[in-house]
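Each chain, written out:
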Amino acid sequence: MTQAAQMITSTDTINTGASAEAIQAHYDISNEFYALWLDPSMSYSCALWEEGDSLEDAQIRKLDLHLQQAQATNKNNLLDIGCGWGALLNQAVSQFGVKTAVGLTLSAEQVDWIKSRNAESNRDNISVHLESWEHHTPVAPYDAIVSIGAFEHFAKSRTSKTEKLKAYRKFFAWCHSNSTNDCSLSLQSIVYENYNEANPNPFVEEIFPESELPRIAEITAACEGLFEIVQLRNDRMHYAKTLQSWYTSLRKNRQMAIKLVGEKTYKFYEKYLGVFVVGFHIGTVNLVRLEARKLPSIKLDA
Amino acid sequence: MNTTAIDSETSVITQTQIEVWIANYIAQLCKIKREKISHSTPLSNYGLDSATAVQLSGDLMDWLNCDIDPSLLFEYPTIEMAAAHILILLGNTK
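Chains P and C supply the protein sequences, listed in that same order.
Read in order, the letters of the first sequence correspond to residues 0 to 301 in numbering that gives the first Met the number 0.
Read in order, the letters of the second sequence correspond to residues 0 to 93 in numbering that gives the first Met the number 0.
Read the hints as simulated data drawn from the structure, not as lab findings.
Hints may contain errors.
Claimed, not checked - The calculated lysine to aspartate or glutamate pairs, modelled on EDC-like cross-linking and capped at a C-alpha distance of 20 Å, are:
1) P:Lys270 to C:Asp61
2) P:Lys270 to C:Asp48
3) P:Lys165 to P:Glu205
4) P:Lys270 to C:Glu18
5) P:Lys266 to C:Asp58
6) P:Lys251 to C:Asp61
7) P:Lys251 to C:Asp66
8) P:Lys263 to P:Glu205
9) P:Lys251 to C:Glu79
10) P:Lys270 to C:Glu74
11) P:Lys270 to C:Asp66
12) P:Lys263 to C:Glu34
13) P:Lys266 to C:Asp48
14) P:Lys263 to P:Glu204
15) P:Lys155 to P:Glu192
16) P:Lys266 to C:Asp66
17) P:Lys266 to C:Asp61
18) P:Lys263 to C:Asp61
What the hints assert, rightly or not - A short, non-exhaustive set of chain P residues, derived as facing chain C with CB atoms under 7 Å:
19) Gln243
20) Thr247
21) Gly273
22) Val274
23) Val276
24) Val277
25) His280
26) Ile281
As the list claims (entries may be wrong) - A few chain C residues facing chain P, derived, Cβ under 8 Å:
27) Ser43
28) Gly46
29) Ser49
30) Ala50
31) Ala52
32) Val53
33) Met60
34) Asp66
35) Asp68
36) Pro69
37) Phe73
Bear in mind that the values here come from a model prediction, so they are computed numbers and not experimental data.
Think of the CB as a built atom: it goes at the ideal place given N, C-alpha and C, for glycine as much as any other residue.
Only chain P is shown next, with the shape it has when bound in the complex (with noise of 0.2 Å):
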């Protein structure tokens, strides 16, 4: 679960992940919908909670905490892959000076509702596009990167662990290309933790189609030589929080969500935001929040 997505319909021999079509069956639902039981922001992306936070609060200070770890202040030019509904974008330009925030998502419905909020500001210094990363061609390098929530759909479902660890690598070579050298990046995905891979559950591939979740060493192992980690958190207890917030507002709006999305989805939310607090409070699975740096290109020749 997570905040947009991202990846592709490639031709490539890499076998990347989720397609558009698999990630709009999950976010293109309805806005409404989703504002039903997401805080104001619609951060769709696990909470970073201290004592006494509201669910914005501790929406917030997770924006707070991927814009310092992405060393953010005052920086040009910054990317957020699977942007969702673009708080981070809006938190980058307003608190830390950002000059300019891209946003990629493939959810056509994230978009739209991005793009109708610049027309009402009148506001020029966020831009979203309704594609992947790897598709994407930079007006100029970025000097910050933060992706929350999209890292869960970059490798596709009952692939190789050869073939999960080519398409992060991907990822983070891609990144490497284009950004500035000072540039840091900020992760947060879900990870499998105390779960059995060749046991797939069938339920979690029914919320997110074609999706498999990577794990930290997988991630790590994949940034090697491309970036640095700084620091790396594991927050699985923050998840089940968020989503127990999630799953109470979802069931105290029951009519209204039922009349906007039907009976069978609304049942079927509703099981998934229950069966993930489970999941999270148990350890199937964890959040990781990690800090990497940029490493200087390495000639081997020099």
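We have chain P; now place chain C onto it with these hints.
Relative to chain P, chain C alone:
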């Protein structure tokens, strides 16, 4: 399932009532005789998976008209422990 909502503000719910409700629910869902279900045995012994546990906590919420964490039966894994915790929740919400 008997999920007719009760008014927890006016009705006094006892630990026994909650325990009986959970035991009946599990007996019906897992197709086990009611008298075979121990109130002090971890529910995972009856093959209760996470989806069923979430469904149970959702129906409990509807019945008791209060908020319960879907991880209830993992945090409080026996019927006795779960019912005792819910009783505390009901006390706190009044």
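How the hints compare with the structure:
About 15 Å separates the Cα atoms of P:Lys270 and C:Asp61, which keeps this hinted pair within 20 Å; it holds. For the suggested pair P:Lys270 and C:Asp48, the alpha carbons sit about 13 Å apart, so the restraint of at most 20 Å is met. About 25 Å separates the Cα atoms of P:Lys165 and P:Glu205, which puts this hinted pair outside 20 Å; it is violated. At roughly 23 Å between alpha-carbon atoms, P:Lys270 and C:Glu18 are farther apart than 20 Å, so this suggested pair is violated.
A C-alpha spacing of about 12 Å is found between P:Lys266 and C:Asp58, which places the hinted pair at or below 20 Å, so the restraint holds. Only pairs whose Cα atoms come within 20 Å are accepted, and P:Lys251 paired with C:Asp61 is accepted, the gap being roughly 11 Å. For a cut-off of 20 Å, the pair hint linking P:Lys251 to C:Asp66 stands: about 10 Å separates their Cα positions. A C-alpha spacing of about 14 Å is found between P:Lys263 and P:Glu205, which places the hinted pair at or below 20 Å, so the restraint holds.
Restraint check for P:Lys251 and C:Glu79: the C-alpha separation of about 27 Å exceeds 20 Å, so the hint is violated. Between P:Lys270 and C:Glu74 the CA atoms are separated by roughly 18 Å; this keeps the pair inside 20 Å, and the hint holds. Between P:Lys270 and C:Asp66 the CA atoms are separated by roughly 15 Å; this keeps the pair inside 20 Å, and the hint holds. Between the alpha carbons of P:Lys263 and C:Glu34 the distance comes to roughly 34 Å, so the proposed pair goes past 20 Å and is violated.
Between P:Lys266 and C:Asp48, the direct Cα distance comes to roughly 17 Å. Compliance with the 20 Å bound is thereby established for this hinted pair. At roughly 17 Å between alpha-carbon atoms, P:Lys263 and P:Glu204 fall within 20 Å of each other, so this suggested pair holds. For the hint linking P:Lys155 to P:Glu192, the alpha-carbon distance of about 18 Å falls within 20 Å, and the restraint holds. Taking the CA atoms of P:Lys266 and C:Asp66, the gap is near 17 Å; set against the 20 Å cutoff, the hint holds.
Restraint check for P:Lys266 and C:Asp61: the C-alpha separation of about 14 Å stays at or below 20 Å, so the hint holds. The straight-line distance between the Cα atoms of P:Lys263 and C:Asp61 is roughly 18 Å, inside the 20 Å bound, and the hint therefore holds. With a cut of 7 Å, the hint placing P:Gln243 at the interface with chain C holds, because the nearest CB-to-CB distance is about 6 Å. For P:Thr247, the suggested interface contact is upheld, since its CB lies about 6 Å from the closest CB of chain C, less than 7 Å.
About 3 Å separates the beta-carbon of P:Gly273 from the nearest beta-carbon of chain C, less than 7 Å, and the hint is met. About 5 Å separates the beta-carbon of P:Val274 from the nearest beta-carbon of chain C, less than 7 Å, and the hint is met. This hint holds: P:Val276 has a C-beta 4 Å from the nearest C-beta of chain C, less than the 7 Å allowed. With 7 Å as the threshold, the beta carbon of P:Val277 comes within range of chain C, its nearest partner Cβ sitting at about 4 Å, so the hint holds.
Nearest Cβ of chain C to the Cβ of P:His280: about 4 Å, under the 7 Å cut. The hint holds. Given the 7 Å rule on beta carbons, the hint for P:Ile281 holds: about 5 Å separates it from the nearest Cβ of chain C. Proximity of C:Ser43 to chain P is violated relative to the hint, the smallest CB-CB distance being about 11 Å (cut-off 8 Å). Checking C:Gly46 against chain P by beta carbon gives a least distance of about 15 Å; that is not within 8 Å, so the hint is violated.
A least Cβ separation of about 4 Å between C:Ser49 and chain P falls short of the 8 Å threshold, and the interface hint therefore holds. Taken as an interface hint, C:Ala50 checks out: its beta carbon lies about 6 Å from the nearest beta carbon of chain P, inside 8 Å. The restraint placing C:Ala52 at the interface with chain P holds, with a minimum CB-CB distance near 6 Å, inside the 8 Å limit. Because the closest C-beta pair between C:Val53 and chain P is about 3 Å apart, less than 8 Å, the hint holds.
This hint holds: C:Met60 has a C-beta 7 Å from the nearest C-beta of chain P, less than the 8 Å allowed. Proximity of C:Asp66 to chain P holds as hinted, the smallest CB-CB distance being about 6 Å (cut-off 8 Å). Restraint check, C:Asp68 versus chain P: the minimum CB separation of about 6 Å is within 8 Å; hint holds. Evaluation of the C:Pro69 hint against chain P yields a held restraint, the C-beta minimum of about 4 Å falling below 8 Å.
With its C-beta approaching chain P no nearer than about 5 Å, C:Phe73 sits inside the 8 Å limit, and its interface hint holds.
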